[in-house]
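Colleague: Start from the sequences, fold in the hints, and give me the full structure.
If you read the sequences in order, they're chains L and Z. Note that our numbering numbers the first sequence so that position 277 is 277, with each residue one more than the last. Note that our numbering numbers the second sequence so that position 180 is 180, with each residue one more than the last.
No wet-lab data here; the hints were simulated from the structure. All figures in this text were calculated on a predicted structure; none of them were measured in a lab. Be careful, since some hints might not be right.
Cut-off 25 angstroms, straight-line C-alpha distance, at most; resulting in silico cross-link-like pairs (SDA-like, lysine to any residue) [said to hold, decoys possible]:
#1 Z:81 to L:38
#2 Z:243 to Z:10
#3 Z:245 to L:87
Here are a few chain L residues that sit away from chain Z, every Cβ distance over 10 angstroms (derived from the structure) [said to hold, decoys possible]:
#4 69
#5 97
#6 205
#7 277
Negatives, chain Z to chain L, calculated, CB over 10 angstroms [stated by the list, open to error]:
#8 6
#9 12
#10 36
#11 50
#12 51
#13 78
#14 90
In this text, a Cβ means the ideal position worked out from N, Cα and C, and glycines have one as well.
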Amino acid sequence: MLTIKHLNFNYPKSRSVLKSINMNFEAGNIYGLFGKNGEGKSTLLKIMTGLLFPKNGSCLLDGYEMGKREVQSLQHIFLVPEDFELPSISIQSFEKVQSCFYPQFSQKQFYELVKEFQLSPTDNISKLSFGQKKKVLIAFGIATNTKLLLMDEPTNGLDIPSKSQFRKVMASVVDENKCVVISTHQVRDLHSLINHVMILDNAQVAFDQPLHKVSDGLWFGKPSSNDPTELIYSESSFGGKAIVPRLDKNETEVDLELLFNGVLSAPDTINAIMNQTQHDERV
Amino acid sequence: MKEFSLSRIGQFIRRDITIHKSTFVTGLLVGIVLIFLFCIFNMMWDKQLSTDEFFGIFGLIYIPMGVLFTFSIFKEFNDAKTNQLYLSIPLSIPERLASKWFTSTIIYTLVYSILAIITGILALLFGIVIFDADFNVPSLFSIEYWNVLKVYFLVQPLFLVGAISFRKNRIGKTLLFLGILVLGFTFFNFFLFGIFNHNHGLFSGETLVSEAFDKTTADFSGLGRWFYGLLLGPLMLIVAYFKMKEKEV
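Modeller: Now the structure itself:
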């Protein structure tokens, strides 16, 4: 669906934000794009939407260069930015003037989501809190039914009940024709939502694996003291939780936060195990 | 997929008008009040409001208001909090440009002209009752009206480029740019005038130099009129197109 090849980007007079990035986003998946602050997650989403132009390389959505901002490509992508301002009109008016540009927009779905988020169509957007505005935009983004839905830190500004509400809504909307990319540094917020992990570190892709392969190759938990398996990464703050090669152990749920920290601390070891697991599966 | 659709342009114009409705209405109300007051003040002296005087007042408000309106509808283009959503709307650059231009010139001119004429007539009726002024209905078919429109349609694309290009102090920077441009063209005209007319002895005496300068602004050749009147506006719209194309958030 969306393919990024050898992409480089830097802001004027500053260091490289993205270096030789290669990524492929396929329909039917919810991708979690993780990285520390300033690692280029938002920049990457903006490039994917055609809002920034790569210095080298390409970003193609079904063969269309995103940087050209053609109607054909923009109709299939929607970005929920991290920081935004919506016009000072009612939710209803916003839907009326904005939805006509998206051919697959579902008015029914939009108003159902607005209701789900406990908002009223007659509410004036300017009088809503930032979190509520974010809900309006998330509802709108989902209702556009674009092939690709990008969300930059969607849970920022949402309260705790709204975060679980967000996860519930997101889990219900994805289908085999849709691809969702959620960028965040709050790894826990995407627990049990994503099925593919991408981690950016040092301006490069440090990790890019589907979640089922992660659980095939790695074991997350508190290893017993007589376990001979070599620790890949462990953290005392997680109650002694560690990442070890799974080998013949039972499958565990992927601990996203532990995986993220593990990848940042031992990327080569983790990627080598993942490659080995894939190789073994093929054999 | 068509990259230029009249239907999408129409929808985008509707979007702009809905979003900027309050700015539009406030600006028009201010314009109406000012026209009314200026018309009344004008009638206080000579008990009449000629077509020339009315369209002088009209232009005095219509052009600056139009410029402000142009900057206002491009606000979300340069605002870091709004331009991500704005630029990701599925619309091609020619469609974006066409809709913004149409809103800030044709629609603005139509609405403003009709309201200005109604206000002018009301001010005249008021003047007749209070000052016993002459009744002279301003007409949209008068040459004075079209001259004001010509000036606006000529300078508006330049302000449109300014509204797109500058992030901060947009009006000031555009005015500065316009000042430099006018100065540049004046010198350009002066040199052309000097080159083509030097054998008439224009530069032999000191007073003639200032006379030549006057003529460069007053004597508009057919070629100059064509260049400024027909080429500058579209040229600025082409510049605006490329500025929009290269715009990043």
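Colleague: Hint by hint, note whether the structure agrees.
Modeller: Hint-by-hint comparison with the structure:
About 18 angstroms separates the Cα atoms of residue 81 of chain Z and residue 38 of chain L, which keeps this hinted pair within 25 angstroms; it holds. As the CA atoms of residue 243 of chain Z and residue 10 of chain Z are separated by approximately 22 angstroms, the hinted pair is consistent with the 25 angstroms bound. Using a Cα cut-off of 25 angstroms, the hinted pair residue 245 of chain Z and residue 87 of chain L holds, with the two alpha carbons roughly 24 angstroms apart. Against the 10 angstroms criterion, residue 69 of chain L falls within the reach of chain Z, whose nearest CB is about 7 angstroms from its own CB.
Some Cβ of chain Z comes within 10 angstroms of the Cβ of residue 97 of chain L; the nearest lies about 4 angstroms off, and the non-interface call is violated. For residue 205 of chain L, the condition that its CB be more than 10 angstroms from all CB atoms of chain Z holds, with the nearest at approximately 23 angstroms. Against the 10 angstroms criterion, residue 277 of chain L stays outside the reach of chain Z, whose nearest CB is about 38 angstroms from its own CB. Every CB of chain L lies more than 10 angstroms from the CB of residue 6 of chain Z, the least distance being 13 angstroms, so the non-interface label holds.
Under the 10 angstroms C-beta cut-off, the non-interface status given to residue 12 of chain Z relative to chain L is violated; the minimum distance is some 8 angstroms. Every CB of chain L is more than 10 angstroms from the CB of residue 36 of chain Z (nearest about 29 angstroms), matching its label as outside the interface. The Cβ of residue 50 of chain Z lies farther than 10 angstroms from every Cβ of chain L, with a closest approach of about 42 angstroms, so its non-interface assignment holds. Residue-level check passed: residue 51 of chain Z sits 39 angstroms from the nearest beta carbon of chain L, beyond 10 angstroms.
Look at residue 78 of chain Z: its CB is around 13 angstroms from the nearest CB on chain L, clear of 10 angstroms, so calling it non-interface holds up. Against chain L, the non-interface label of residue 90 of chain Z is violated: not every CB pair exceeds 10 angstroms, the least being about 4 angstroms.
In summary, the structure is inconsistent with hints 4, 5, 9, 14 from the numbered list given earlier, while agreeing with the others.
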